[in-house]
Structure formats: C-alpha cells, structure tokens
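Undergrad: Those protein sequences? They're chains A and B, same order as listed. Going by my numbering, the first residue of the first sequence is number 1, and it counts up by one from there. Going by my numbering, the first residue of the second sequence is number 1, and it counts up by one from there.
Simulated from the structure, these hints should not be mistaken for laboratory data. If you're wondering where the values come from, they're calculated on a predicted model, not measured in any experiment. Do not take every clue at face value.
Sample of chain B residues at the chain A side, in silico, Cβ under 8 Å [stated by the list, open to error]:
#, residue
1, Phe6
2, Val17
3, Leu20
4, Glu21
5, Leu27
6, Glu29
7, Ala30
8, Gly37
9, Leu48
10, Val55
11, Arg59
12, Leu60
Glycine is no exception: its CB is placed at the ideal position from the N, C-alpha and C atoms.
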Amino acid sequence: MEQLALGERRVYPVGAFNRRLAGYLARVRDIWVEGEVSELRRSPAWATVFLTLKDPETGASLPATMARRSFDVLTPTPAEGERVQAMGRLQLYEVRGELSFRITAVERVGAGDHAQALERLRRALAEEGLFAAERKRRLPRFPRAVGLLTGVEAAARGDVVAAITTRYPAVRVVVAETRVQGPTAPVSIVRTLSSLATCDGVDVIILARGGGSFEDLLPFSDERVVRAVASCPVPIVSAVGHEQDEPLCDLAADVRAATPTAAARLVVPDLDELRAGLERSRQRISAAGGRVLERDRARLARSREQLVVAPGLLVERRRAALDRSGVRLQALSPRATLARGYAIVRAGGAVVRDARAVAVGEAIDVELASGGVEARVEEVRP
Amino acid sequence: MSEPSFEELQRELDELVARLERGDVPLDEALALWERGRELYRACAERLDRAELRVEELRLGERHLEGDSAAQDG
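Generate coordinates for the entire structure from the input sequences, incorporating the hints supplied.
TA: Rendered as structure tokens:
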C-alpha cells in the first residue's frame, strides 16, 4: 500500500515518503561543497564520523558524515575550523527524515597556497637577516623569572612548570595564556608576548605549543608573530610543534627546543648540578689553599732548621780557627824549645846571647826545661 | 769599658802568633807574648764553650716549641 488516493489528494505514509525521497536524493552525487569543518565527532566505536560544514560568511550549515575508514586515512585528518572542499552525495536518514551530506573525498582549501606563501615569507625574512646566527642571544644562566607563553588550558603547561621549578626552585614562572589557533591567534600571541617581555623579572621566555596540523601551527609562522619573536627584548626559546614542522618563529627564536619540557631544561640551571659544581670548586680551592699552606710550612721549617743549625756552624768554624792558632802557639812555646834540650842563660837578669857579654867569674843563671842552675863563668870563648 | 769581643781576642792571638813566628822577638818578650797568647787562647776557648752551650740550649727550646705546636695541631 504505497499511496492512498483520497479524492484529488495523494497521501504517502512517512516511511514510504522518506524512502522515495531517499531514492531521489541518491541520484544527486559527486557534488562539491566548500565550508569550514565544525562539530567534528569521531569515535573509534563508530563506523561513521559526524561533522558539520559551515559557511563562515552566512553561518549556513550542512550536517555531514564520512566513513571513519576514509576519514582516518586522510593526512593530516581534517580539524575543526579548517576550510575544506568536500565531495559527496546527499543521503537521507529515513528513520528520522534527516538529510546529511555523505562525504567521499576531502581536499583542503588553500593548503598548497599556504605552503607556498610560507616559503616565500621564510625566504624574505631570511634575506632580511631575521634568522641570522649572529642575532641569537645567549640565554641567561640564572633567570629571575621565566615567561611561559602557552595555549589556553594547554596540557603541556603543568609539565613545563614542574620541569622548571624542580630543576631550579628559586625561579618564578609567569604563565601567559593566549589563543594559539584560529585567525585571531597571531594578534593574541604578539600581544601576550609583548606583555610577558615587559613583565618584571622575566629574563627568558618559552613559546610552548604542542604538535598540531600544518594549519594549527600557522599562527606561529605568521609574519607579525615571527617579527615579534625576533625583536623581543628578552631571549626566546621556541618549542612549537614537532621537529619537522619548523614554524618560522622557531627560526627567529634565540634557541629552539624539541619539546616544551626540553625548553624547561634549557632556560634554568639544575640546582643539584649547581650544588655539585659548587662543591667541586670548593674542594679545588681548599686543595689549592692547602698546597700553598704546605709549601709555606715547608719553607718555614727549612728556615727554622737553618736558624737552629747556623749558630752551631758558626761556633764550629770559630773553634777550628782557634784550634789552628792554638797549635801554632804551642809550637812556638819557649818551654817546648827547652824540652828539646835548649837552655836559657841570664846574667844580671838579661838573656845572654854573646859570650863577650859575660866575664870570667861572673855568676850566671841557667834555666832548663825543668828547674834551673846557678853557675860561674870559668872561660870565655868569644 | 766593655769586654773585648771574641773576634778581637782571636785577632790579637793571631797577630801575636805571627810575631812569634817571625822569630825576631827578644826571648823575654817572647816569653811574655807566649804567656799572653796562652791567656788569649784560653779566653777564646771559654767563649766558644759558652756559645756552644747557648746554642744547645736554644736547640732544646726549639724542640719544646715543636712539641707544643704538634700538640696544638693534633
């Protein structure tokens, strides 16, 4: 019973109507529709991915679906806010009479244009010298505060703050959240960066943004953002996206880090390492001091030794000299001469050297080595 | 009048010996010189003995000092 004829009127039951409508709609195929992806719902439990294509100008929307298998193999998978051209056919969910656009193929709008524009900008800025190695500044060794520019509610934020304060608890972390995606992101990033840079005590800034699609990271290649990074008065560590993404702000930053946590390790010293280094220095200093002290002590000991020995040596030398004089004196002793058998003859107290000095009969005094004799001259032999 | 120094005494002794060695000194004078020489020698030797004793004392004192500083270091 497909339809009832009640007079002029042809009436369909809902089920039949929907089926017929579905049949009509199925004939419309391979249509291209352009719009922004929104309300994207994908679950590994569902065979279908649900989304809405929106017209950003008028706000008109079109519910759409796509087989999850087809959706998942897209690289990168479409994300919310992305402008796409979708090819598909119209489909009616008969039970509810709901119309949807069944997508069979998706192409990004302007993805190729973006890449080309980005490359042109990269060349221009490089030529300008914005990425030059000599522009890179050294990061401060002991920053008073670290500025962390991150997306709103970014997952990495807690990790980065923890990584910084664990290594170096003395530092303050100033977290500034900003829109990192969408058309207003560049302006928001530039404004947040400038307020961070003027924040009291902020000596270094980390730009942190987790991985994302090419389009997600586009704001970090925006010329305004890149210029703001290059001209920022405070050194910047850029940790945006993954290694291979290389957004332009990475090139303009002073240092690039592979991940936000790696950036944390770059901006602050490790307190434990600092302590260990300090201890090593202290030991070296005290060892050096010890060596100097030891050298001086040894020198003092030598001096004291000399001091002790010197007077002794002096006495020794004097005694040797005196002994030589003594020996000579002893050799000259008149008594020693007498001991050899000589005698001293005196007449009237005077030593007699000449026989003619005495007369026969005169008394003379003879002195011997031992004792003496009184005698008289019996003969003179001049 | 201060006591002559060791060096002065030694010098006098050496000069005296040198005069005696020249042999032109009259015997009586030589005897007197010799006596004087013996006195000088004895005086010098005594001075040296005293000096040696003093050095020895100082050395002992030094050893005491070392002992003290070792005790402090320990």
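Undergrad: With a cut-off of 8 Å, does the beta carbon of B:Ala30 approach a beta carbon of chain A closely enough for the hint to hold?
TA: 6 Å, holds
Undergrad: Report holds or violated for the interface hint on B:Gly37, using the least CB-CB distance to chain A and a cut-off of 8 Å.
TA: 5 Å, holds
Undergrad: Would the hint on B:Glu29 stand, with a C-beta cut-off of 8 Å toward chain A?
TA: Violated: closest Cβ of chain A sits about 10 Å from B:Glu29, beyond 8 Å.
Undergrad: May I ask you to test the interface hint for B:Phe6 with respect to chain A, counting a Cβ-Cβ separation under 8 Å as satisfied?
TA: 7 Å, holds
Undergrad: Closer than 8 Å between Cβ atoms is the bar; does B:Leu48 clear it against chain A? Give me holds or violated.
TA: 5 Å, holds
Undergrad: Do the numbers back the hint for B:Leu60, that is, is its least Cβ distance to chain A under 8 Å?
TA: 10 Å, violated
Undergrad: Could you check if B:Leu20 really has its C-beta closer than 8 Å to a C-beta on chain A?
TA: At 4 Å from the nearest chain A Cβ, B:Leu20 passes the 8 Å test, so the hint holds.
Undergrad: Mind checking the CB of B:Arg59 against every CB in chain A and telling me if the closest is under 8 Å?
TA: Interface hint status for B:Arg59: holds (6 Å vs cutoff 8 Å).
Undergrad: If you take the shortest Cβ to Cβ gap from B:Val17 to chain A, is it below 8 Å?
TA: Hint on B:Val17: holds, closest Cβ of chain A at ~5 Å, below 8 Å.
Undergrad: Is the hint on B:Val55 kept, meaning its closest Cβ partner in chain A is under 8 Å away?
TA: This hint holds: B:Val55 lies near chain A, its Cβ roughly 5 Å from the closest one there, short of 8 Å.
Undergrad: With 8 Å as the cut and Cβ atoms as the points, is B:Glu21 at the interface with chain A?
TA: Because about 6 Å separates B:Glu21 from the closest Cβ in chain A, which is inside the 8 Å limit, the hint holds.
Undergrad: With chain A as the partner, please determine if B:Leu27 meets the hint condition of a C-beta pair closer than 8 Å.
TA: 5 Å, holds
The structure does not agree with the numbered hints 6, 12 stated previously, though it agrees with the rest.
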